[in-house]
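Novice: So the chains spell out like this:
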Amino acid sequence: MPHNRPDQVRDGLEPLLPRLWRFAFFLCGARDVAEDLVQATCLRALERAQQFQPDTRLDRWLFAILRSVWFNELRSRRVRSGEGAVDAQTVLFVDGVARAEMNIFGRQVLAAIGSLPPAQRETALLVYGEGYSYKEAASLTGVPIGTVMSRLAAARVALAPLGVAAKNEKD
Amino acid sequence: MADPVEDTLLTAFLDGELSANEVEAVAGRLSNEPALRARLEVLQAGEVVLRSAFAVALGQARRDNMAAKMAHTTKKAAIAMNWRRAAALAAIAFVAGLGASRVLTPHSREAENWRQSVAEYMTLYTPATFAPRDEASLRSELAVLSNSVGVDLSAPNLRLGSLTPRSGVLLQFQGAPLAQIGYVVDGAPTAFCVIRDGEPDAPQARARLGAFNVVSWAKAGRGFMLVSTAAPERLDGLARSLRDQVAVN
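Residue numbers (my numbering), protein chains in the order written: chain A, 1 to 171; chain B, 1 to 249.
Treat the hints as calculated values from the structure; they're not laboratory data. Please read all numbers here as calculations on a predicted model, not as lab measurements. Glycine residues also receive a C-beta, built at the ideal position from the N, C-alpha and C atoms. Careful, some of the hints might be misleading.
[Claimed, not checked] Here are the computed distance ranges between Cβ atoms for each label pair:
| hint | chain 1 | residue 1 | chain 2 | residue 2 | range |
| --- | --- | --- | --- | --- | --- |
| 1 | A | 71 | B | 207 | 38 to 44 Å |
| 2 | B | 21 | A | 5 | 40 to 46 Å |
| 3 | A | 119 | B | 144 | 43 to 49 Å |
Excised from the complex, chain B in its bound form (with noise of 0.2 Å):
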């Protein structure tokens, strides 16, 4: 079924701008119609993709450093767009200055940063993202991440329960060398990261981050998170059993 008004008015419904009454309406159409459902879910899906795709792009607009590149791009886009007002241009070059620096320093390697950076690729994760590796290969992965964050990451320390360790990958954040490993719960998606990037040490805490929930930690100069759309309780559970079980070496 596709009719452009019933796509448009189950919008306004998903979206939160219908009135109380027309809300009622739909509500009650939706549980008489089957039909109806279904093209709801066909247009829920469809904003999934568009949500993952712009929190993904703002990820790599963060990541670019947009303020240092525009510092490079001033001169180039003056003369491209004829601008003859000199002080605004020294003015926006200080301001472009300014960002650069700040993205340099330590303190812009703040908690959340990695972990914000980690939430948005997550949106682009499916469980085929984490397909089990062979046992050869995925220990070969978990020696070079064990190494790379000095953290011991190999697969015995890394069961939980009848959860098993499908790949691990490493990653780097801002310099700093950070382990991704993935586990598949309840059907989500789910990473445990590693980063070591001398944080100071934190309690396990749960938070939400975009759809994701997260449950984090620091010990030893290492960062550490779970993160998935899987339940936070039992995020707890399986992050206090990785708290045991890995060692910082």
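Okay, chain A solo, but in the shape it has when bound (with noise of 0.2 Å):
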């Protein structure tokens, strides 16, 4: 039996959240946060479920929700109450993922990434974390094909310390 819209968005929900989560923390630096994020997010996607385009990608179309939610609502809301410092949230962005089994190397990585420029870790997990195209990863977040690669490149530079130490006590 074909499903209908609504009930092929809200079955593909659940398998996606851990990808949406991890989308909502690196794009706003905190964990209660991206979780508000995400919920929003499904939420939005529930109702506008007729919407989807059965024949196109579900994770696509809810990241761009997820996108929307964040610049559009929460995020001013947020400034607006007085909240708004989240992108300077390093501890908290730190303590989101970092658990006891961690090694230093992990949490030296994990902050490192929360004090780059939030459009630059926006833009490498797509293209890195998602496997966007260029192009794609241009069109959802409205910028120019050049301005993706810069980011990409300025974000490389930025955690290539990190790697080159990791490297040199591997040789």
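From these two lone chains plus the hints, build me the complex, please.
Specialist: Right, dumping it as structure tokens:
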């Protein structure tokens, strides 16, 4: 029996939750905010399930919704209510993922990513975490491809010292 | 050398986003310009770090059982966002509840899950993670591991030619004890893992998980895995020795 669109969205949401959370986390940099953001994204997606085109990718559709909820609603609401400084919450960022079993290198990596400018962080996640092409990343974030390229190059340069240190340890 | 234009060009080269002509041009320059090659290596090092961190964060999201958590936060989020759509709320609570029950069933502790989880953490390991312990500490660590997973993991059983186990750590995956023994194989941090989770017997098989080569098998209700960036042929040989030497109690 073919699914209707709301069913497709509802059934497709659950396996995508970890990836939605990861995108939200690297976008806003704080664990509790990321959970609210995923929640809001799911609600919005269910409300708009009729608009989903069945022959397109649900994950890309949801990422676009999540991004729009963050930049157009949650983030501006937080700024207005005086909670706006989420971008600078490097400490929260580290505690959000790191656990006791994670080694010092892991914590350093997350702290370093937390200190990247948010636009670089987001673009790097889309391309290196989610496998977006430059064109797809440019389209989602609404910037020219050249901007995607320079953000990725800058993120690579910023994280390189940690990678070099790890490599030297191995040699 | 730090030239943003060159960095951007090299990044696109590494990401496979250049045309055939451009790739040829960059490749030609790389063979003639040592400084450009050095810069390429710097950019590659950054990519490894980024990819590792993203993989670890995703593993964390999976382990934390996002679906179950969302059931708890539904109400909070609804108030915060001033949502009035009760129907949508009910629907998402249903989705979240479904996720929670699925994660808690034994089915989800299937073989691939714990192996995936180990591989995600491996991305953050360096040879220094498996710094050698003194003999007495290692012996007591291995005794704890043997006890927990019901497999004789004493040091003589774990010796692989000239390779010796460096450290042992007890982890757990969804309630099942998971023993992890560290080696350094051809310069690569390598983990031998044993989980007591009732897996059905399975012959030795090779797989690729992200950047890692994995050799796994299962016997007498224990799942085994050897994971490393070392060559798969090398791991196959080591796994055969471990299968012979490590007896299930």
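Novice: Compare the structure with each hint and give your call.
Specialist: Going through the hints against the structure:
1. A hinted range of 38 to 44 Å for the beta carbons of residue 71(A) and residue 207(B) is consistent with their spacing of about 40 Å.
2. Between residue 21(B) and residue 5(A) the CB atoms are about 43 Å apart, so this pair conforms to the stated range of 40 to 46 Å.
3. Taking the beta carbon of each, residue 119(A) and residue 144(B) are about 47 Å apart, inside 43 to 49 Å as hinted.
Checked against the numbered hints above, the structure violates none of them.
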